[in-house]
Amino acid sequence: MATVAELFQTMEYGPAPEADAPARAWLAAHGGAFGHFIGGAWTKAGKTFATHDPSTGALLSRVTQGTAKDIAAAVAAARRAQPRWARLTPHARSRHLYALARMVQKHARLFAVLETLDNGKPIRETRDVDVPLVARHFYHHAGWAQLVDTEFAGYGPVGVVGQIIPWNFPLLMLSWKVAPALAAGNTVVLKPAEFTPLTALLFAEFAHQAGLPAGVLNVVTGDGETGAALVKHPDVDKIAFTGSTEVGKIIRRATAGSGKKLSLELGGKSPFVVFEDADLDGVVEGVVDAIWFNQGQVCCAGSRLLVQEGVADRLHAKLRARMEKLRLGSPLDKAVDMGAVVAPVQLERIRALVEQGRAEGASIWQPSRPVPSTGSYYPPTLCTDVFPSSTIAQVEIFGPVLVSMTFRTPDEAVALANNTPYGLAASVWTENINLALDIAPKIKAGVVWVNASNLFDAASGFGGYRESGFGREGGREGMWEYLSRRKTGEGRRESRPASPSVTRVPSSVTPPQDGAVDRTAKLYIAGKQSRPDSGYSRVIVSPKGVFLGEVGEGNRKDIRNAVEAAHTAAKEWASSTGHLRAQILYYIGENLDARRDEFAARLAAMSGTKVADGRREVNAAVRRLFTYAAWADKWDGAVHSVPIRGVALAMHEPIGVVGVGAPDGAPLLGFLSFVAPLIATGNTVVAVPSERAPLAVTDLYQVFETSDLPGGVVNIVTGERDALAQVLAEHEDVDALWYCGSVAGVKAVELASAANMKRTCCTSREPDWYDDAVAEGRAFLREAVQVKNIWIPYGE
Amino acid sequence: MTEHARNPGEPLDLERVRAIRVNRSAAERRAATIGTRRTVKKQWQAAWLLRAVTLIDLTTLSGDDTPGTVRRLCAKARHPLRPDLAEALGVVALHPTVAAVCVYHAMVPTAVAALEGSGIPVAAVSTGFPAGLSPFPQRVEEIRASVRAGAREIDVVITRGHVLTGQWERLYEEVRAFRDACGDAHLKVILATGELATLTNVARASWVAMQAGADFIKTSTGKESVNATLPVSLAMVRQIREYRERTGFQIGYKPAGGIRTAKQALEFLMLMNEELGRDWLEPGLFRFGASSLLTDLERQLEMYVTGRYAAAHHHPMP
Chain A
1 MATVAELFQT MEYGPAPEAD APARAWLAAH GGAFGHFIGG AWTKAGKTFA THDPSTGALL
61 SRVTQGTAKD IAAAVAAARR AQPRWARLTP HARSRHLYAL ARMVQKHARL FAVLETLDNG
121 KPIRETRDVD VPLVARHFYH HAGWAQLVDT EFAGYGPVGV VGQIIPWNFP LLMLSWKVAP
181 ALAAGNTVVL KPAEFTPLTA LLFAEFAHQA GLPAGVLNVV TGDGETGAAL VKHPDVDKIA
241 FTGSTEVGKI IRRATAGSGK KLSLELGGKS PFVVFEDADL DGVVEGVVDA IWFNQGQVCC
301 AGSRLLVQEG VADRLHAKLR ARMEKLRLGS PLDKAVDMGA VVAPVQLERI RALVEQGRAE
361 GASIWQPSRP VPSTGSYYPP TLCTDVFPSS TIAQVEIFGP VLVSMTFRTP DEAVALANNT
421 PYGLAASVWT ENINLALDIA PKIKAGVVWV NASNLFDAAS GFGGYRESGF GREGGREGMW
481 EYLSRRKTGE GRRESRPASP SVTRVPSSVT PPQDGAVDRT AKLYIAGKQS RPDSGYSRVI
541 VSPKGVFLGE VGEGNRKDIR NAVEAAHTAA KEWASSTGHL RAQILYYIGE NLDARRDEFA
601 ARLAAMSGTK VADGRREVNA AVRRLFTYAA WADKWDGAVH SVPIRGVALA MHEPIGVVGV
661 GAPDGAPLLG FLSFVAPLIA TGNTVVAVPS ERAPLAVTDL YQVFETSDLP GGVVNIVTGE
721 RDALAQVLAE HEDVDALWYC GSVAGVKAVE LASAANMKRT CCTSREPDWY DDAVAEGRAF
781 LREAVQVKNI WIPYGE
Chain B
797 MTEHARNPGE PLDLERVRAI RVNRSAAERR AATIGTRRTV KKQWQAAWLL RAVTLIDLTT
857 LSGDDTPGTV RRLCAKARHP LRPDLAEALG VVALHPTVAA VCVYHAMVPT AVAALEGSGI
917 PVAAVSTGFP AGLSPFPQRV EEIRASVRAG AREIDVVITR GHVLTGQWER LYEEVRAFRD
977 ACGDAHLKVI LATGELATLT NVARASWVAM QAGADFIKTS TGKESVNATL PVSLAMVRQI
1037 REYRERTGFQ IGYKPAGGIR TAKQALEFLM LMNEELGRDW LEPGLFRFGA SSLLTDLERQ
1097 LEMYVTGRYA AAHHHPMP
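Same order as they appear, the protein sequences are chains A and B. Note that the first sequence covers residues 1 to 796 in the numbering used here. Note that the second sequence covers residues 797 to 1114 in the numbering used here.
The shape of chain A in the complex, shown without the other chains (with noise of 0.2 angstroms):
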């Protein structure tokens, strides 16, 4: 044993313990093995398997892995709890909610421990990031919960939600998932992560004992499978996941066409972007919580740093030295910064892809600590020579490693910073305001921290571009994602089936010989009027068969040159103004106005009904386009009250290339019911018109071509709707799809929009647009915007 009069001279922290009995405690008084907790009481364990902790790979405890059967009555237990806690009053609900925050509190250090030791996290992190920032998610929902019929009125609990949360941040995640879910009338089944369980269990068990009503959150412990069968349960009104992007894939296929509302929170690569007027010893430490931070198991981590080329060897050198100074250890020891990685597999994959690394050229630093030798731990490792090239550049390795790489100039940080199929966060450092609000909006990240990194809050809305998912998570945004339209049993309809094709070659129908010059419409691409590469036309014809016109046979290359015209476009349509956009948008009602005798002729030949309805619609497409135009310089973002001295601007940013399968109930109507807003929040766009009747749509082409629409900005494909819609939403380079047609498109469409995680909007039920309540407006504002929230910490 160290003396004092040694230790004073030696100067070392020594150890320093957080006691675990209390957790321990609790899991003994389980028996050593957990049931789930289902319907307000544990379930008897069942077939059951193992969690470690991962420090030791000593064994904390057993937990029942989750049949179908499991799922099938948790969800039968939310479902028949479901109506009573809705019908709750929202101060009721808000009564609970604040009752959480409170139990969670009340033992926010049994939470902190049982944590570290469950998923091998420093207990400094569990205890002044992870516990406090639940207790803060309870509290504010607890305040959704008071407001929700006010501030979401028309909208209701989507029903019952599936929750499949990850091991990372096992309780934090549950509070972002649970939280919302119950202050909008939800009722929840959770699935924690098979690593990581314990909290879960501990939080069902004490919220039960706070009060909160039987059936409402259930929890079920398992593996993927068992997360399969609840993402699969029929009476599964929504799922939200947080995890790779590959099981977001998986989830994504899974429910495509089942009318389940998704929320994914992904993976990310984030770059973490240092200009040379940055303070460079503020950047090593918001470096230190970028990627040292739960050993860098954060799906936001800011793992690919990218710095300004004259800072980057003095950068370098100060991030050695100060990872010469991080603590690995056991981490219960409150003087440690870092802990175990969750488990040995996990432990692998980081090695092996440091090795990758190596091979590929990289220089690999780590410092000069000892590593302990038992447990699953990794050292602090710093990458350079490091290239876009290189597999850790790309791949996101969920561990402590840093990459580096440099770049010369503004424009090359953004291109290298967007250089990734991921989108969820990032860090911008430089003391030239100028410059960080440049940058921040050409990110493509749905955080970006200036001159910070991971800062949470239940305020603000946390979620990705891209590959890193979509839906938001806190705040107002993430309100959004367990709310859904009151349903008034009016105003929809269901779609009719995709018409039956028309034949290229019609032997039937033939065109009048009425000497009239022919005015076959040809495709719309980049503003110009293109020949159709397929070489071959469709007839359109009325319902009764008589001839109307020519389209072109729009097909897959048609689609590609569409997709490439919209991208070209959308730099200068994105960041062009709003008030440029409304001009536009009321520019094309007015010249749509003035021949508002000819569409309605064409719409009532099309529909084989009388001019009347025709005008009529034509009139409701007007009163469309001024709805938009209206809107475009006011669908404002937010500023969002988070706990610290600056701002975070939740920003409403384009999602990018949409890609449009317009639908048949109002052939012009609907297509620029989904357009119009689509193009007014800055999007660009490439429709497929209706299949039976896209002639008022073609004769759109001079209307757009006489409003100043930029070229590309509204590109138009005719043909076979839900092929070229196949085509579109398997595109890798198209954001988002919308899509109102049959139940099989809605579900093709949803499956090939795996291949890039793209937002999709699709429905087979039609509504009525003549409705402006249901047709138009903020729901579709909302759709056609991504938030991006931009942390902005000031004071000199």
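It should be emphasised that the hints constitute simulated quantities derived from the structure, not laboratory data. Check each hint, because a few of them may be wrong.
Calculated lysine to aspartate or glutamate pairs in the DMTMM-like style (CA-CA distance at most 25 angstroms, straight line) [to be verified]:
| # | chain 1 | residue 1 | chain 2 | residue 2 |
| --- | --- | --- | --- | --- |
| 1 | A | 318 | B | 1041 |
| 2 | B | 837 | A | 18 |
| 3 | A | 325 | B | 1063 |
| 4 | A | 747 | A | 733 |
Fair warning: this is a prediction, and the values are worked out from it, not measured in the lab.
Given chain A's structure and the hints, the job is docking chain B onto it.
Relative to chain A, chain B alone:
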């Protein structure tokens, strides 16, 4: 007082001064976790508390100081721990004393006499402390007088206006003159950070003071409304680190004012250990400017020995 080579200073590098930027929010976030990332318990804690005792510049800077109060302070400086505590801690052989006694010029002779034979240096605050706005020749002469009177360390104040108006050359020349007047006495430069408005100003002033030949840079006089804080300390010690990397010279750091509890003291020591390293846990490179801190350190040490919470009045007052 030091084993390392004394900083001779170097020409002023204005380009470097102006390039310094400190991001306040980032510094505050780091500062907020210094005390949560590290902790010491049991005998380790006792060792760190004892270390803190030996790093104190035991200070009295009141208008009503008299030879009597100064002699009392010096007696405490020689024997900062109650003998039974030193015995129980097993540190009698270390002969722990505080690092220095810090007084106004008028009290220097009294302190020097009271500390004779102890090896404890006397530090004098100087140059028109605390505002530093008396005539420049007088301020320089004040240093010489204190050195003649036996002060081995001189704590000077700078003209804050030079920082606030960006007159870095004038600041450099001022500190350079103070350094010259010190001769062999060590120069501690008080920046009065509570009056410098921004962390960037604090860091720039730190850099200029070091280039002008400071042996120590010090936060505060104890008379400003805001004294030593962890974010300010980060801004200053990171410049010390930079200075060592560029010149090889190690500069000392002295937070002063407002440090009253053992817990605060440990946070400062951990900050030094983390940002600069073990060398900065020695009196040659680190001091606390404090008076009441000592009593709290004694109480915590007694708590370690007895296992019971201690009372201030059981410890001889300074």
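Here is how each hint holds up against the structure:
1. Note on residue 318 of chain A and residue 1041 of chain B: the hinted pairing holds, with a Cα-Cα distance of about 11 angstroms set against a maximum of 25 angstroms.
2. Simply put, residue 837 of chain B and residue 18 of chain A have alpha-carbon atoms about 11 angstroms apart, close enough for the 25 angstroms limit, and the pair holds.
3. With a C-alpha separation of about 16 angstroms, the suggested pairing of residue 325 of chain A with residue 1063 of chain B holds against the 25 angstroms cut-off.
4. This hinted pair checks out: residue 747 of chain A and residue 733 of chain A have alpha carbons roughly 20 angstroms apart, not beyond 25 angstroms.
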